[in-house]
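Number of protein chains: 2
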Amino acid sequence: MEWSYKMKRKAPALIAFQGARGAFSEEAARKLVGPRTAVLPCERFEDVFRSLKSGLVSGAVVPIENTLAGSVHENYDHLVNFELPIVAETSVRIVHNLIVRKGLPFSKIKRAFSHPVALNQCLDFFAKNPQIERIPYYDTAGSVKMIVDEGLSDAAAIASSVAAEIYGARILRRSIESDRQNFTRFFLLRTANYASRHKILPAAHTTWKTSLVFSTRNTPGALFRALSAFALRDLSLTKIESRPLRGKPWEYLFYVDFLGREDTANAQNALNHLRELADFLRVLGCYPKGA
Amino acid sequence: MEWSYKMKRKAPALIAFQGARGAFSEEAARKLVGPRTAVLPCERFEDVFRSLKSGLVSGAVVPIENTLAGSVHENYDHLVNFELPIVAETSVRIVHNLIVRKGLPFSKIKRAFSHPVALNQCLDFFAKNPQIERIPYYDTAGSVKMIVDEGLSDAAAIASSVAAEIYGARILRRSIESDRQNFTRFFLLRTANYASRHKILPAAHTTWKTSLVFSTRNTPGALFRALSAFALRDLSLTKIESRPLRGKPWEYLFYVDFLGREDTANAQNALNHLRELADFLRVLGCYPKGA
Numbered sequence: 003m004e005w006s007y008k009m010k011r012k013a014p015a016l017i018a019f020q021g022a023r024g025a026f027s028e029e030a031a032r033k034l035v036g037p038r039t040a041v042l043p044c045e046r047f048e049d050v051f052r053s054l055k056s057g058l059v060s061g062a063v064v065p066i067e068n069t070l071a072g073s074v075h076e077n078y079d080h081l082v083n084f085e086l087p088i089v090a091e092t093s094v095r096i097v098h099n100l101i102v103r104k105g106l107p108f109s110k111i112k113r114a115f116s117h118p119v120a121l122n123q124c125l126d127f128f129a130k131n132p133q134i135e136r137i138p139y140y141d142t143a144g145s146v147k148m149i150v151d152e153g154l155s156d157a158a159a160i161a162s163s164v165a166a167e168i169y170g171a172r173i174l175r176r177s178i179e180s181d182r183q184n185f186t187r188f189f190l191l192r193t194a195n196y197a198s199r200h201k202i203l204p205a206a207h208t209t210w211k212t213s214l215v216f217s218t219r220n221t222p223g224a225l226f227r228a229l230s231a232f233a234l235r236d237l238s239l240t241k242i243e244s245r246p247l248r249g250k251p252w253e254y255l256f257y258v259d260f261l262g263r264e265d266t267a268n269a270q271n272a273l274n275h276l277r278e279l280a281d282f283l284r285v286l287g288c289y290p291k292g293a
Numbered sequence: 003m004e005w006s007y008k009m010k011r012k013a014p015a016l017i018a019f020q021g022a023r024g025a026f027s028e029e030a031a032r033k034l035v036g037p038r039t040a041v042l043p044c045e046r047f048e049d050v051f052r053s054l055k056s057g058l059v060s061g062a063v064v065p066i067e068n069t070l071a072g073s074v075h076e077n078y079d080h081l082v083n084f085e086l087p088i089v090a091e092t093s094v095r096i097v098h099n100l101i102v103r104k105g106l107p108f109s110k111i112k113r114a115f116s117h118p119v120a121l122n123q124c125l126d127f128f129a130k131n132p133q134i135e136r137i138p139y140y141d142t143a144g145s146v147k148m149i150v151d152e153g154l155s156d157a158a159a160i161a162s163s164v165a166a167e168i169y170g171a172r173i174l175r176r177s178i179e180s181d182r183q184n185f186t187r188f189f190l191l192r193t194a195n196y197a198s199r200h201k202i203l204p205a206a207h208t209t210w211k212t213s214l215v216f217s218t219r220n221t222p223g224a225l226f227r228a229l230s231a232f233a234l235r236d237l238s239l240t241k242i243e244s245r246p247l248r249g250k251p252w253e254y255l256f257y258v259d260f261l262g263r264e265d266t267a268n269a270q271n272a273l274n275h276l277r278e279l280a281d282f283l284r285v286l287g288c289y290p291k292g293a
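Line by line, the protein sequences give chains A and B.
In terms of the working numbering, the first sequence is residues 3 to 293.
In terms of the working numbering, the second sequence is residues 3 to 293.
Note that these hints are calculated values from the structure, not bench results.
C-beta: ideal position from N, C-alpha, C; glycine also.
Incorrect hints may appear among the rest.
Using 25 angstroms as the maximum straight-line C-alpha spacing, the simulated BS3-like pairs for lysine-lysine come out as follows [what the hints assert, rightly or not]:
hint: 1; chain 1: B; residue 1: K291; chain 2: B; residue 2: K201
hint: 2; chain 1: B; residue 1: K55; chain 2: B; residue 2: K112
hint: 3; chain 1: B; residue 1: K33; chain 2: A; residue 2: K250
hint: 4; chain 1: B; residue 1: K147; chain 2: B; residue 2: K110
hint: 5; chain 1: B; residue 1: K250; chain 2: A; residue 2: K291
hint: 6; chain 1: B; residue 1: K112; chain 2: B; residue 2: K130
hint: 7; chain 1: A; residue 1: K291; chain 2: A; residue 2: K250
hint: 8; chain 1: A; residue 1: K241; chain 2: B; residue 2: K250
hint: 9; chain 1: A; residue 1: K211; chain 2: B; residue 2: K250
hint: 10; chain 1: B; residue 1: K241; chain 2: A; residue 2: K241
hint: 11; chain 1: A; residue 1: K291; chain 2: A; residue 2: K241
hint: 12; chain 1: B; residue 1: K147; chain 2: B; residue 2: K33
hint: 13; chain 1: A; residue 1: K211; chain 2: A; residue 2: K241
hint: 14; chain 1: A; residue 1: K130; chain 2: A; residue 2: K112
hint: 15; chain 1: A; residue 1: K33; chain 2: A; residue 2: K241
hint: 16; chain 1: A; residue 1: K33; chain 2: A; residue 2: K201
hint: 17; chain 1: A; residue 1: K250; chain 2: B; residue 2: K241
hint: 18; chain 1: A; residue 1: K201; chain 2: A; residue 2: K291
hint: 19; chain 1: B; residue 1: K291; chain 2: A; residue 2: K250
hint: 20; chain 1: A; residue 1: K211; chain 2: A; residue 2: K201
hint: 21; chain 1: A; residue 1: K291; chain 2: A; residue 2: K33
hint: 22; chain 1: B; residue 1: K250; chain 2: A; residue 2: K33
hint: 23; chain 1: A; residue 1: K147; chain 2: A; residue 2: K110
hint: 24; chain 1: B; residue 1: K33; chain 2: B; residue 2: K291
One-sided excerpt, in silico: chain B residues whose CB lies under 10 angstroms from chain A [stated by the list, open to error]:
hint: 25; residue: N68
hint: 26; residue: Y196
hint: 27; residue: A197
hint: 28; residue: S230
hint: 29; residue: L234
hint: 30; residue: S238
hint: 31; residue: R245
hint: 32; residue: E253
Can you build the whole structure from these sequences, using the hints too?
Okay, structure coming up:
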C-alpha cells in the first residue's frame, strides 16, 4: 500500500482564501506557496479560518493590512480566536485594471463594476472618464466573472490581472488606481501541527518577524512598560494594533510585530519580561520578513 | 437691526449625524447637546464632516469606537483631515429592540431587517426564534422607517427605542442583543471658531481628556520614546489607535487619548517633549471625560 502511505504523508497543498478566483488573495497565495497551488475560494474570512482549523485545507492566506485602507481588523480577531500560527508573510501591490469581455471597445463602456474600496481607489480614472458609471459589487474578481457570465456589452469590471486571465477576459486599461503606494500585506497560516513539523531552518542573512498579542492591566503607564520589554532590548516594532477586549468595555488587546526570531535569547527575554506585565500573552507566529 | 444682530450671534443648534432619524448617533446628539436639539441626518460620515466644515450645521456627532466592533477608523481619518475640534464625548449603550408596525403580533413575524452589525449582535435571539429570517439593511433606524412606510405585515426591524418613537412603531421585544457590554463612544465636534469662542470653564472635580495625533520617524524604539512623554509625567493613556500614513507604506499615524487638560503645565510639557520626537503632532481636542 505504498500509494496510500504516500497520499497520507503528502497532503495536497490546498490553500483557502476569501473572495472569488482571481482575488488579490489568490495572487498572494501563489507568491507564498507556489504558482500552481490549488486554491479553495471562500465567501467569508471566518470560512477561511474554519476550513484550515477543520483540516479541509492545508493552509490559509488572509490579508492583514493595506497601506491605504489600514488593518483588516476582523482577521486580527480571528488570529487570536482560531489559534492558527502565522508561518509566512508577503505583500502584493494592488494594481486595478479595467477589464472587459474580449472584443469590447473602450467607447462602449458605460458602467464599471467592482468592490466599493476598489472603485474608490480609481477616482482619478472616473474623473477623466465621466461617461462611465461606478457600480458597487461584492468582490473585485467576482465582478469580472459576472460581466463574462452575463455577457454584458456595456460594462467593465475593475480587478487584478489574474482575474482577467482566469475568466478569459481582456485588460483594456492597466493600473488605473490613483495611488501607486497601494500594497496589501498577507499572512500564510498553517495548523499548529503542520507548523511544528515543518520548522523553517534559520538561513543566514534572513530577517525574521515575530507576531504576538497581549493585554495589560488597565493601569497608568501599562502600555509604556509593556513596550519597554522590546525597547530595552533594541527589538524594533514594525506594527502595533489595538482591538477591543470582549467583556471589558474600554480595555484593549494589543497586537505587536517585532523584528526578531522568537527562539533567540534576546526575544525570549523580552517575551518573559512582557509576561510579567501582561494579563495575557500569546505568540501568533514567527516567520521570515517578506520582501 | 437688533433682531438680525441676535440672529447672527445665536446660530441655531443644528447637529449633523450619519444615518436615518432615530440612529444611535441621534441618541448621542441628544445626550451631548440637549433633548430637543435640531438634527441633520446625513448619508455618509464624510457628509457629516463636510456639513460642519461648510457652516451648514453648528455641530457634528460621530461614533469613534464600539466596545465590541472596535474603532470607526474612517472617522479617525476624517478627524485629522477636516481639522474640526472635539469639544465633548459621551457613550451610549447599544440596546437593540425588535420593532414592528402597531398592531402586529409576534407570531406573524417571518423576517427582521437591520444593519448587518446589529443582526450579528442578536444571534442568541435568532437562535431561539429560527422562524425569523435575518435580512441585511443599510441602516438600523432606516429599517424601522421602511417597515412602516411599506406597511409590511410579516416583518420587524431591529433598532433603537428612539427609532420606534420617531416612526410611530411599537417595540415587541426589548434589548434582544446577545452581549450587554455593548457601548459606542461618540464625539461632539464644532468648528475651530466656535470652540475658541465657547471655551469650557474648568469646573472642580472634572476629569479631562485630550486627544491628539502624531507620527514619528520610523526608527527602532520610536513609539516607546513617544509614549515616554506621557508616562514620565504620569499622564495616563486611555486609547491608542494606529492608522496608515498616506504615501509612506508601512508607516503609521498614532491617535492617542490621555487623561488631562491640554492647558496644564504637565500636559504642555508632555506635548513639547513629544514635539521633539514627532514628525507631525496635532491636538484634536480637549474635553470633559464622559460618564
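Would you check the hint for K291/B and K250/A, treating anything up to 25 angstroms between C-alpha atoms as holding? holds (18 angstroms)
K33/B paired with K291/B [C-alpha distance capped at 25 angstroms]: OK: K33/B and K291/B at ~14 angstroms, within 25 angstroms.
Could you grab the alpha-carbon distance between K250/B and K33/A and see if it respects the 25 angstroms cut-off? holds (23 angstroms)
Hey, K291/A versus K241/A, does the alpha-carbon distance stay inside 25 angstroms? It holds: about 13 angstroms lies between the C-alpha atoms, which stays within 25 angstroms.
Checking one constraint from the list: CA of K33/A to CA of K201/A, max 25 angstroms. Satisfied? Distance ~19 angstroms between K33/A and K201/A Cα, so the pair holds.
Quick one, are K250/B and K291/A close enough, alpha carbons at most 25 angstroms? holds (18 angstroms)
Checking one constraint from the list: CA of K112/B to CA of K130/B, max 25 angstroms. Satisfied? holds (13 angstroms)
Take the C-alpha atoms of K33/B and K250/A, compute the straight-line distance between them, and say whether it is at most 25 angstroms. At roughly 23 angstroms apart (the allowed maximum being 25 angstroms), K250/A and K33/B satisfy the hint.
Within 25 angstroms, alpha carbon to alpha carbon, are K147/A and K110/A? holds (19 angstroms)
Taking only the CA atoms, is the gap from K147/B to K33/B under or equal to 25 angstroms? Cα-Cα ~23 angstroms, so holds.
Hey, K241/B versus K241/A, does the alpha-carbon distance stay inside 25 angstroms? Holds, because 16 angstroms separates the two Cα atoms, which is no more than 25 angstroms.
With the threshold set at 25 angstroms, check whether the alpha-carbon distance from K291/A to K250/A stays at or below it. violated (34 angstroms)
Hint compliance for this structure: hints 2, 7, 26, 27 are not met, and every other hint is.
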